[in-house]
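> Given next are the chains, with one letter for each unit.
Protein chains: 2
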Amino acid sequence: MRYEVTQVGRVESPLYDRDQAPRQGDEGSPDAWVVVADEYADAVADVAVGEDVLLLTWFDRAARDVHVVHPRGDVTRTALGVFSTRSPDRPNPIGLHRVTVREIHGTRLLVSNLEALDGTPVLDIKPVLGAVQER
Amino acid sequence: MRYEVTQVGRVESPLYDRDQAPRQGDEGSPDAWVVVADEYADAVADVAVGEDVLLLTWFDRAARDVHVVHPRGDVTRTALGVFSTRSPDRPNPIGLHRVTVREIHGTRLLVSNLEALDGTPVLDIKPVLGAVQER
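For the protein sequence lines, the chains are A and B, in the order given. First residue of the first sequence? That's 0 in numbering that gives the first Met the number 0, and the numbers climb one at a time after it. First residue of the second sequence? That's 0 in numbering that gives the first Met the number 0, and the numbers climb one at a time after it.
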């Protein structure tokens, strides 16, 4: 079975290629903008400055036929199945990023700790779950 | 822009409808099986018993045109944009579940803390990220 995902926004970042990008968001990423499309203004309206959120992206430059990789591209490390790695190369190249919202201008969110490349499509934003009694 | 996701497995669970399912995995979910398709056996081969993993699913019974919801279906609570909630009803109904792997038989993983319904498509499995030096 196949399903269609739709782009709800995109990343604006000074990162332009994979060689330049950190391996994970907390390994030296520059601040980046998450630009949500106007038609989803109501869906994003309650996201607030200072929150940590989970961003789901689509790694549009990834290879989807890769099942096994050397972690972090290091060929001296034992190859692992991609479901045990965060490689962007995987059957469904969905990126999962925990980022902090630093500023909001309309539907544009300035976030820290995002290693996604400029132009990366955004699929979803989710809150981080707190303790059960806070939900 | 639209992209196609492909099902890499499915959930087998005693949960059959949304009214019966807990709101989140850690709110009383029964154990469930994640059945990975044989063609992804190499991708899942390094997942081990005892690990916590992040499971990405496709909520195939969700409404994709919903942008605003009452949290946890409680109409006495202020409606929120779906990007501030974990509602399955959202533009891209991708479920994110932190589960614990309890048993493995071939490409079948028995997991705890999964609130997804029986038959829910699985899109991806990712490791939980540890400290930077452990990556």
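Bear in mind the hints are in silico, worked out from the structure with no lab data behind them. Check each hint, because a few of them may be wrong.
Since copy identity is lost for identical chains, a pair holds within one copy or between any two.
As the list claims (entries may be wrong) - Derived DMTMM-like pairs: lysine to aspartate or glutamate, alpha-carbon spacing no greater than 25 Å straight-line:
| no. | residue 1 | residue 2 |
| --- | --- | --- |
| 1 | 125 | 88 |
| 2 | 125 | 73 |
| 3 | 125 | 3 |
| 4 | 125 | 45 |
Fair warning: this is a prediction, and the values are worked out from it, not measured in the lab.
> Could you run down the list of hints and mark each one as holding or not?
Against the structure, the hints:
In this assembly of identical chains, the alpha carbons of residue 125 and residue 88 lie at most 25 Å apart whether taken from the same copy (23 Å) or from different copies (12 Å). Taking the shortest Cα distances, residue 125 and residue 73 sit within 25 Å of each other only across copies (19 Å), while inside one copy they are farther apart (32 Å). For the identical chains of this complex, residue 125 and residue 3 are neighbours both inside a copy (19 Å) and across copies (21 Å), given an alpha-carbon limit of 25 Å. When the C-alpha separation of residue 125 and residue 45 is checked against a cutoff of 25 Å, the pair qualifies only within one copy, where the shortest distance is 11 Å, while the shortest distance between copies is 28 Å.
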